[in-house]
Amino acid sequence: MPSARTARPHSARHTLSALGALGVVTALALTGCANSSTTASGTASSSGKVSRVSVTLTNDGSDKCAVSETKVPAGPVTFTVKNESSTAITEVELLQDQRILGEKENLAPGLDAVRFTATLTGGNYQVYCPGAEQELTDFTVTGKVTSTANSSAATLLDEGTKGYAEYVDGQVTDMVTAVKQLQADVDKGDLAAAKTDYANARPFYEHVESDVDGFVKKGYKATDNAGNLDYLIDMRASNLDDAVGWSGFHAVERDLFEAGAITDTTKQTAAALTENVELLAKLVPTLDYKPEDLANGAAGLLEEVQSNKVTGEEEAYSHIDLVDLAANVEGARQAFAYLKPGLTKLDPTLTKQIAKQFDATNTLMDDYRNADDLGGFDTWDAATKASDANKISQQVQALQDPLSRLAEKVATA
Amino acid sequence: MTTPPVSRRALFGAGVAAAGAGVGAAAGIAGATAATGVNPFTAATNGDESIDLSQSHPFYATAARQPQGGVQTAPQRYCVFMTFDVSSSVATDLQVLLARWSASIAQLQAGKTVGSVEPAHGDGVGADTGEALDLGPASLTVTVGLGPGIFDERFGLASKKPSHLAAIPTLPSDNLDEGLTGGDLSLQACADDPQVAYHAVRDLARMARGTATVRWTVLGFGRASAGPNQSTPRNLMGFKDGTRNITTDEDYDRFVWIDDAGDGADWMRGGTYQVARKIRMNIEIWDADVVSDQQRVFGRTKIEGAPLSGGSEHTTPDFAAADKSGATKIDPTSHIALAAHEANDGVKILRRPYNYTDGLNQYGQLDAGLLFTAYMNDPEHFTRLQRKLGASDRLNEYISHIGSAVFAVPPAPRKGSYIGEQLFR
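Chains as they are written, first to last, in this note's numbering: chain F, 1 to 413; chain Y, 1001 to 1425.
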């Protein structure tokens, strides 16, 4: 997902209910936590006989997932999974209504067969082999039908999106406060205070950037950067549109950190920044999100890390790239956290993998925390970049990899 | 060595390949026109190798103690070498990675993808990145190596360590860059199409994410060694490289393949050790050296590659032959005199190097050299030779060893198994 540094049409993923009507703010209801307890097994059949099903993964030109039986009586069912030769299929799941009742991961050719057993009541199930030519195989259990449905993963994910919407709204509200402080100190001509304000304001944008980068002011074409809020707020020197000129955070950054002087232009730029951020704060609450928007947004933030922060391109004058980087990671972590209750039901292993890599990334970033530097992180100067960029980039990559599978998981729930 | 020989001399016009139009173009013609006659140039020159991109090498072994490809395999034109650090300390993660790599390499060598390029869901991420689609197998081989770190305390595999596997000691003239040394795992992907080789390494590195991180890599071109029936190629110094390389099965058995790797390392029988050195050449300085001195440095003539003691390329050098003044015709500190097995207790190593370039260095000079990859049944054979070369080789004025690593290369797995399986039993 490219960074929205240049004009682009509205992101289709959002439902923008009232773009023109800026006064209208849609309140997002926050539903309480539903009961999330559920059980993978229903009432066992009385026979006590175990059904056996083999799942065999092969590649003979395309990746195939063969299920030996597709109809078994209610009761315990043991699935034996063997990867004979497929490189694309690394996991097999047993699903009912998008819920995972049993699964095996890390399936690679040559490894021993693995088993899992689930006690199944009558109903329709599916064997899911992601990466196979035919990914889903219908699996029917006959016998006494007992409903096992409880709080579904989809419901939990939906609740997560609402909680996340509140989080984003909170971030843009705080952003307004922070840029007003920046404007106030710029107006006073207090360079040192303004620098601190700048570093304090940046994380609010970087937390939610991938959600708020699609807005166009009323009366402008989507292709006109003069109406593109992301351009007006967050344009970097490297991608300027000469027809529109430069405004926003980074124009202020240039004056404060490169020129080291506050001029009348700086004051005008800071005032315009406040105006545009206030506009953004009115628009953002009109957004609502699908679970995959959170997943894609998180992935987008990590792409921002790789493309603009690790390179030092984002904060070319202040060199507080690590502040932005940590904020991108934090924003992605928030999106993941809101999806987590539902995702745990869909795929506990992936949930753990992603959580583990977020922990590892945070642990790594702890090495760079430094209360003495602006924004609370080490300055991303040329020497630090040369010695540490690779390490950070690789850890973020290790996080991106499992995270890239998130959107598909939650989109199909 | 029982890997079936693959003929690299497809009988189509040598002029096509020689024209340098790119292997892709050559392959297109190969597919369209069956050879009907002998091109006069084919018969007349020795640089007549044409590339058939439909050729493939099998990955799985069909007999015990069969080596992996990419060692005795006739050197392909391009090679990507990459090393990795294992970031996980869980043996199962390493095991799964080796299993996934093995099965994937088998498919890649057959010219297949490692999974779907376009997943059924638009929201899905492709399992294969897709850039090698339609390029053919291009004689790809991917060779997997295990560094000394695999046998440290992390994975509980110390008791299975091959007896000769240890980091290469510091050698005379070493100028190593830490960022270009070592690694827990290595991949050597060689193919006749550079994009096929790069795709293989890229997708295997992608598969490793979360388990291993990349450490250093070199992109090699223009094979700088010759297999059977291949003419001796030239390194970037313009000299033929590897005229006296190992070629016979007898020498492979004696110097390359491991017969006994020590207690606990029975799993390495049929394997070998890989030594990789990144050797930078001081190109501009070398280019300004007069040809008589260049020839003296190597001990051979530049065009023919004949030893300065006389004869043609494959004439055995006579290191004792003297000129009228009494000096030996081949300088005793020339490259071939110091490296000759006659001067090293008969020891030989299999050299399988490639040229590389990294563009320009910070001084605006050409940044290029040799990815020296060598195979032997005891890395001490390499250190013995390099200790001598590093101390007094006339070539040292023009080169610098900047990267170094050693790996154990297990034998090829049989179908249904994977590289290093015995480690986890």
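Hints may contain errors.
Stated by the list, open to error - Simulated DEER-style distance windows between Cβ atoms:
hint, chain 1, residue 1, chain 2, residue 2, range
1, F, T173, Y, V1117, 38 to 46 Å
2, Y, A1167, F, T177, 52 to 60 Å
3, F, Q134, Y, S1054, 24 to 32 Å
4, Y, V1117, F, K218, 53 to 61 Å
5, F, A243, Y, E1118, 55 to 63 Å
Hints were generated in silico from the structure; no laboratory data involved.
Glycine residues also receive a C-beta, built at the ideal position from the N, C-alpha and C atoms.
Now the hints, each set against the structure:
Evaluation of the 38 to 46 Å hint for F/T173 and Y/V1117 yields a pass: the beta carbon distance comes to about 44 Å. Restraint check, Y/A1167 to F/T177: a C-beta distance of roughly 56 Å satisfies the suggested window 52 to 60 Å. Checked against the hint of 24 to 32 Å, the C-beta distance between F/Q134 and Y/S1054 comes to roughly 30 Å, which is consistent with it. At roughly 42 Å, the beta carbons of Y/V1117 and F/K218 sit outside the given window of 53 to 61 Å.
Between F/A243 and Y/E1118 the beta carbons are some 38 Å apart, a value that contradicts the proposed interval 55 to 63 Å.
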